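Residue numbers (full-length UniProt numbering): 1 to 224.
Since the hints were derived computationally from the structure, they do not count as laboratory data.
Any given hint could be a false lead.
[What the hints assert, rightly or not] When the alpha-carbon atoms are kept at most 16 Å apart in a straight line, the in silico EDC-like pairs for lysine to aspartate or glutamate are as follows:
(1) Lys179 / Glu90
(2) Lys169 / Asp4
(3) Lys54 / Asp79
(4) Lys140 / Glu162
(5) Lys200 / Glu68
(6) Lys88 / Glu114
(7) Lys93 / Glu173
Predicted, not measured: the structure shown is a model, and the values here were computed from it.
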Amino acid sequence: PLPDQVSFLPAAPLACAGRTVWRAVLQTGLKAGEGIAIVGSGGGLGHLGCQFAKALGLQVIGVDAREEGLALTKENGADVVVDARKGKAEAVKEVHAVTNGHGADATVNLSDAETAAALACAVTKMHGLMVQVAQPNEVKIPFPELIFRDIRVRGSLVSSAEESKSMLKCIAEHGVSVKTNPFQGLDKIHELVEMVHGGKIQGKALIVIDQEQIDNEKKIGAKF
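Using the sequences and the hints given, assemble the complete structure.
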């Protein structure tokens, strides 16, 4: 069941986006005080990943390539925000500057951009871990990044039932918020698709079918 303060509107993305990125953060195995880089930090999954990682006590380095994504990354508490449009070399330089020259202890890649997996490995420390969540047609990593730096790569899909419960507990205890873009009714689905493909969206787009349910939840004080 949902915590009392979590309403159905933001809970809808949690069933997929939330459970996906929660597991990815857990898969890094990092402990409080260690550093995680999130590539695609300002997207529908990424903005949740930033908050989850902060709730677990991690230093969060957000990496994105859109103005909207960079703004949302800052809004959701990333300790450092890196603009991937500056190129891989500059991104690595900026990450090394805040990690004593080592790189992130682990990186989660949420971006399906062609160069994202390579960038994710590049900002990860030697012998570190890169968790691949994004699903492009091909995951391309140059062998110098992968082999010469001994980077481990693992895939991650979605949380188990028990992990999902721990996600909801984290949300309730730390006030994790879900950025939503609601559209009223199925006749608005074309507008939703245009927003998503336009690249200007912040968070997740939703179709609201039962507005009465949403209004009732507001009356009882659901917050998120």
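Structure-based check of each hint:
1. Lys179 / Glu90: Violated, at about 29 Å.
2. Lys169 / Asp4: 11 Å, holds
3. Lys54 / Asp79: 9 Å, holds
4. Lys140 / Glu162: 32 Å, violated
5. Lys200 / Glu68: 6 Å, holds
6. Lys88 / Glu114: Within the cut-off at roughly 13 Å; holds.
7. Lys93 / Glu173: Answer violated: Lys93 to Glu173 is near 35 Å, above 16 Å.
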